[in-house]
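Peer 1: Starting from the known structure of chain A, arrange chain B on it as the hints suggest.
Keeping their order, the protein sequence lines are chains A and B. Counted from 1, the first sequence has number 12 at position 12 by this note's numbering; the numbering is strictly sequential. Counted from 1, the second sequence has number 405 at position 405 by this note's numbering; the numbering is strictly sequential.
Honestly, the hints are just simulated from the structure, not real lab data. Given the structure is predicted, the values throughout are model-derived calculations rather than measurements. Be aware that a few hints might be false.
Below, a list of computed lysine to aspartate or glutamate pairs in the EDC-like style, where the Cα atoms sit at most 16 Å apart [what the hints assert, rightly or not]: (1) B:Lys103 / A:Glu119; (2) A:Lys271 / A:Asp415; (3) B:Lys407 / A:Glu376.
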Amino acid sequence: MPTPQALVDVALESTSADQCIVVLTESSTANLRWANNTLTTNGAMTGSHVTVISVVDGAAGAAAGVLTRAATTSSQVEALVAAADEAARAAAPADDAAEVVAGEQAPGWAADPGHTSIEVFTDFASDLGAAFGRANSDAHLLYGYVEQDISTTYLATSRGLRLRHEQPTSHVGITGKPADLSTSAWVGQAAEDISDFSVGDLDAELVRRMRWGQRKVDLPAGRYDTILPPTAVADLAIYAYFVSSGRDAHEGQTVFSDPQGGTRVGQQVAKPGVRLHSDPHRPGLTSSPFLTATSSDSTQSVFDNGLPLDATDWIADGRLQALGTSRHTAELTGLGLTPLVDNLLLGVDGAAGSVDDLVGSADRALLLTCLWYIREVDPQTLLLTGLTRDGVYLVEGGEVVGAVNNFRFNESPIDLLSRFSGAGESVRSFSREWGDYFPRTMTPPLRIPDFNMSSVSQAS
Amino acid sequence: MPTSRAVDPEFLALPLKRLGDTALQRGRDFHAEHTDFRLERLRTQRLTLRDGALIDASEGDETGFAVRVIIDGTWGFAAGVALTTDEVVRVTEQAVRMAMVAKPISTERIELATEPVYRDKTWVSAYEVNPFEVPVPDKVALLAQWSERLSAHAAVDHVSASVNQVSENKYYADSAGTTTTQQRIRLHPSLEAYGTDRERGIFDSMRSTAPPVGRGWEYLDGAGYDWDSELAALPEHLAEKLAAPSVSAGSYDLVIDPSNLWLTIHESIGHATELDRALGYEANYAGTSFATPDRLGTLHYGSGGMHVTGDRTFDHGLATVGYDDDGVATQQWDIVKDGVLVGYQTDRRMAALMGLGRSNGCAFADSPGHIPIQRMANVSLQPSAGAVSTADLIAGVDHGLYVVGDKSWSIDMQRYNFQFTGQRFFAIRDGKLAGQVRDAAYQATTTDFWGSMDAVGGPDTWVLHGAFNCGKAQPGQVAPVSHGCPAARFRDIRILNTTSEAGR
Numbered sequence: 001m002p003t004p005q006a007l008v009d010v011a012l013e014s015t016s017a018d019q020c021i022v023v024l025t026e027s028s029t030a031n032l033r034w035a036n037n038t039l040t041t042n043g044a045m046t047g048s049h050v051t052v053i054s055v056v057d058g059a060a061g062a063a064a065g066v067l068t069r070a071a072t073t074s075s076q077v078e079a080l081v082a083a084a085d086e087a088a089r090a091a092a093p094a095d096d097a098a099e100v101v102a103g104e105q106a107p108g109w110a111a112d113p114g115h116t117s118i119e120v121f122t123d124f125a126s127d128l129g130a131a132f133g134r135a136n137s138d139a140h141l142l143y144g145y146v147e148q149d150i151s152t153t154y155l156a157t158s159r160g161l162r163l164r165h166e167q168p169t170s171h172v173g174i175t176g177k178p179a180d181l182s183t184s185a186w187v188g189q190a191a192e193d194i195s196d197f198s199v200g201d202l203d204a205e206l207v208r209r210m211r212w213g214q215r216k217v218d219l220p221a222g223r224y225d226t227i228l229p230p231t232a233v234a235d236l237a238i239y240a241y242f243v244s245s246g247r248d249a250h251e252g253q254t255v256f257s258d259p260q261g262g263t264r265v266g267q268q269v270a271k272p273g274v275r276l277h278s279d280p281h282r283p284g285l286t287s288s289p290f291l292t293a294t295s296s297d298s299t300q301s302v303f304d305n306g307l308p309l310d311a312t313d314w315i316a317d318g319r320l321q322a323l324g325t326s327r328h329t330a331e332l333t334g335l336g337l338t339p340l341v342d343n344l345l346l347g348v349d350g351a352a353g354s355v356d357d358l359v360g361s362a363d364r365a366l367l368l369t370c371l372w373y374i375r376e377v378d379p380q381t382l383l384l385t386g387l388t389r390d391g392v393y394l395v396e397g398g399e400v401v402g403a404v405n406n407f408r409f410n411e412s413p414i415d416l417l418s419r420f421s422g423a424g425e426s427v428r429s430f431s432r433e434w435g436d437y438f439p440r441t442m443t444p445p446l447r448i449p450d451f452n453m454s455s456v457s458q459a460s
Numbered sequence: 001m002p003t004s005r006a007v008d009p010e011f012l013a014l015p016l017k018r019l020g021d022t023a024l025q026r027g028r029d030f031h032a033e034h035t036d037f038r039l040e041r042l043r044t045q046r047l048t049l050r051d052g053a054l055i056d057a058s059e060g061d062e063t064g065f066a067v068r069v070i071i072d073g074t075w076g077f078a079a080g081v082a083l084t085t086d087e088v089v090r091v092t093e094q095a096v097r098m099a100m101v102a103k104p105i106s107t108e109r110i111e112l113a114t115e116p117v118y119r120d121k122t123w124v125s126a127y128e129v130n131p132f133e134v135p136v137p138d139k140v141a142l143l144a145q146w147s148e149r150l151s152a153h154a155a156v157d158h159v160s161a162s163v164n165q166v167s168e169n170k171y172y173a174d175s176a177g178t179t180t181t182q183q184r185i186r187l188h189p190s191l192e193a194y195g196t197d198r199e200r201g202i203f204d205s206m207r208s209t210a211p212p213v214g215r216g217w218e219y220l221d222g223a224g225y226d227w228d229s230e231l232a233a234l235p236e237h238l239a240e241k242l243a244a245p246s247v248s249a250g251s252y253d254l255v256i257d258p259s260n261l262w263l264t265i266h267e268s269i270g271h272a273t274e275l276d277r278a279l280g281y282e283a284n285y286a287g288t289s290f291a292t293p294d295r296l297g298t299l300h301y302g303s304g305g306m307h308v309t310g311d312r313t314f315d316h317g318l319a320t321v322g323y324d325d326d327g328v329a330t331q332q333w334d335i336v337k338d339g340v341l342v343g344y345q346t347d348r349r350m351a352a353l354m355g356l357g358r359s360n361g362c363a364f365a366d367s368p369g370h371i372p373i374q375r376m377a378n379v380s381l382q383p384s385a386g387a388v389s390t391a392d393l394i395a396g397v398d399h400g401l402y403v404v405g406d407k408s409w410s411i412d413m414q415r416y417n418f419q420f421t422g423q424r425f426f427a428i429r430d431g432k433l434a435g436q437v438r439d440a441a442y443q444a445t446t447t448d449f450w451g452s453m454d455a456v457g458g459p460d461t462w463v464l465h466g467a468f469n470c471g472k473a474q475p476g477q478v479a480p481v482s483h484g485c486p487a488a489r490f491r492d493i494r495i496l497n498t499t500s501e502a503g504r
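One chain only, chain B, in its complex shape:
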């Protein structure tokens, strides 16, 4: 059994260096300006229970490799699965042919920002218990026990429980001499309780707000999260929501909990400050950005208390890694400082194109079959320096809502107009919480919203949340990413009543 925090010996036993050397040599044979080889093993396991009974325990185990070349200033990419030198030669030649097909209709010369060479580096994420070493029956028994606790409450009709687990191994070698071997572990447990109020003819649900994290199975044993409190509170929250009055549409002050605010950060800051989007590379799919490079250093993104960083270095962050898929050592940097846009998320190609110096290490491919593109770092809102609590933020609101947990999310193709709902909205009256309301959604334009942030919670309110399923690119790629944030307060935000939006 592999010891924790060492790279899986099964992965190290693959012919990593031999296949890598084969690809790099074939690239040299064709006078490629750059060649990189990436061999990945991606293990996934998803356990799903409904009403305590197991309905899915499927596992994935994908191993494959990719070769990327730059020939005559043009990218060529190809990928395969058979781990033989013959196949690596064939795939490398195919990447070369791709570059040749692409050349006549490519007008931008591909150059990469310079990066030091890292020889034989190993990096392993921070976790204690590899979830793939925990017996499946033990994992299912824990989820079944949690389901039973929720089902025992009178308000709960049905319960679903799941945990997604991923182990990601990457070997990277490039023609400059960098070779890295890395391992990341992450998991996402989730519980949802469903209830009905037949008299009112409504049904609703309440989902756990436990974040997905870059941790091992110790997370489900309580490392970094208080499961007991969440399991105890969830059915009560559901019962209160089912009985709650419908919200009156209008303007409210919002205090937003990190369990909801992370997703607003993800959509309105994280994606808007991806340089590939700002340059139009996603115009046909994920969209572009209002935060264009000509506004770098001048765009007032939000109020003066807004400080947003990007990083791929924070322990347990889902985007955290040692070296990115361009062979760049990961970093932390400022994206918004004192409310002004000061930085982007970059990869080597775009950093060179825009003259930004060194890449900040955001290249990522979600599988061995996909080309690396610029993906999101952990984009986080920094807390205020003072000891500002959530209760302090609420105390400053006469007529408002306190928003907890993420639910529905949507934002336009340039990241202006967004609409979010939550797991629960509590009325705030005269500085105090006054019970839940139903059917609320908040809608705003990005810079108006962040401009209305008049107070930021202190370090004690800061929590790292995130998602496994950030989508981008064609062909579609899915990336995991975390966002840390404090609770924060926003003035005069438009609240919709979703029942009247539906015309009822």
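Just chain A, same shape as in the assembly:
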């Protein structure tokens, strides 16, 4: 079979369009899934997707044909290019048309795509079997999922650009319940490589949490002093990032819109000292240093494929600095060109210590595990609803003293960044709600003095 680089060359040589962009992604992934102390499903999958963006100049502007197909042979790629060229000729001028990015071959272009296989799970599976054994003798049940993925992207344009990025991603989540299913606990972690996970450590933390659940305390709905661990903070911060489109804000559709018109860029939206940023070069959290877009939307444009991505402050010292834009929407809105990056870091200046330190300093507070089923209720305030899940713990005198029922919350992550009363150091986190799709985050634990628990959920 031809190499990815050869397929890219076939595409660029066969196009009859005025310009052409090719994005080829080879993915290799393997997973294990378990429930009730036994493996349930598994899989090993390979994929090869090629996106061709053909650009045809016309009197009224450039039009694009954008087509993604699974393709592994030269003839499949030629057929794909022909279809994209034809689509471009039939298309209306694209609103987001812009010059195709020019450049040269970057170092590393010639390297083979990364690859994984089920064999990387050999040690993990054996440790998991041991954890099942302990769970069986301790009368509790384990449920979970682990995945290793390596995706390698080759991006090329008819103006000479050749870029390659290899993205390894691994994540694990384990839920534990006593045999009577009366409570639930969860641990999760993301990394670049599955070898970073210790089943023994994860299992020990899960057992500690299940012990916390042995004493149950019923509490009513209300506003509570609440400690959000880094996972729950990531659950909320990622949503704010999802709605950070510059165009949507400019057109009066998001929390980042100024009610009097335009955006809130330049305004104070969080406490001084709060920084929300992305950095594709952050060690351990590395993401693609160039833009890839296989479709256009309000935040990104296919014409921008190959633009360099760099560290970007979204909020600095509590002030909104930037929103996600393409070259087209930057011009439309008067904002700077700041495309979104595939990682997110939230930090508070001077904050130190861990979630355990926040627990240790609380007289009476709730300690959450994670949040779930988060949906937008009001875009103008970014009021989100959702639920606590897999462990709400009562803290008294600096110690966890029992497990509380779950709650439905109604809160805005932007409001919380103005209301928190304590924060810890920002650490690598794994969002329960979004981590499977957005695994690269660093977030601090936060203490909120009046978190709005709107009603009780009977879920256990």
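Peer 2: Here is chain B on its own, set in the frame of chain A:
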């Protein structure tokens, strides 16, 4: 050009049988108790316009195959994309290796509920015009014209318009001898108008309530939907919403339109009666269910007028198909009868595990790269027998709200506590509609909510709604599903004011 309602000749030209036979033979070589081979082509096209200008016309065209084996009572699954016999052999061997890695930590022996063998069956969904045969410029021109109609209204600042289209081909062959070839077409058009009231400092939007459907492009030409009325009314609804008073939080009687109630059915009944959730298989992700198997036949799900069915057979339903991804012929069955839980949604493995007899055909994989799991059927609330209209339901309410269109949705991991908003909430006073209110959300616990349903609309109020984007499983899979329902009335439901929930 392929004629409508025949399987796409491009798909039939793929080496379906040769590759299938290769996988099944390799499975036999390893003494697999069961082998199945699934080759899929999934075409997608999304058109998006903002203020009438095209911003996205991207297409996807994914072809690939998957092999699933049961060896020594353990599943093994692998998938690939290159359509050659060598690759099918490699992937089948990989599935066998997966089963071997899984075996030492698998304690449940996988067995499948028995199912008749179906040889060389073909099934094609009900549609007239394949949207992939309609020129893109024609489709864009229609959406642009619709956008312009909305933009012409003074209350409308911006308009977005989109249509997602999917063509799904599946070839399935298993070691028992079943071979099926199927084609489904579905599409989802959507329009949304945005407006602002700068004096009050608020903005809002109003989205079309047209359901996604298993139909062809004829749907946008008016087959099964009155676009003209919706386009005419949408800007007026937006203008009224922007000027509407904020709701007072409290207890209200609700009359819920099918355009909103379908999603409440989806979340609080559809997911809660998935047997894999009830058995804990989704505990680490989508969650479990309060409706556990020990309560089958006794759980009072709702009031006596509640009759909920599951089906994968209703024309134009998004979950409708001839044969599922376990090779089971699809069916219709009762889930809640006279208010009591009487059935689950199953696949062959779980039906056998629970001794439920034959699977009711809910196995589905969303792409060639994913393993089939139990997914949702069209779960629908049946109408009452009488000619009860929406106006009749409203006439029986002194202090209430009439809820139209879905918007925000959220429910807990065991499907007890939910909260929904809508496109528009109309006040009901003394049996009559009294204009829109803003900022409302309804919140309830599943069995309380369905227990409070005191009247169900008749067949004339029944509409099939649904979604393209139901999420479940790890790795994540997305499934299309429809829910039919009549309008219905619910007593004493908690209404929140979302502005005061936000502490403002």
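Peer 1: Now tell me, hint by hint, if it's right for this structure.
Peer 2: Results for each hint:
| no. | hint | verdict |
| --- | --- | --- |
| 1 | B:Lys103 / A:Glu119 | holds, 14 Å |
| 2 | A:Lys271 / A:Asp415 | holds, 10 Å |
| 3 | B:Lys407 / A:Glu376 | holds, 9 Å |
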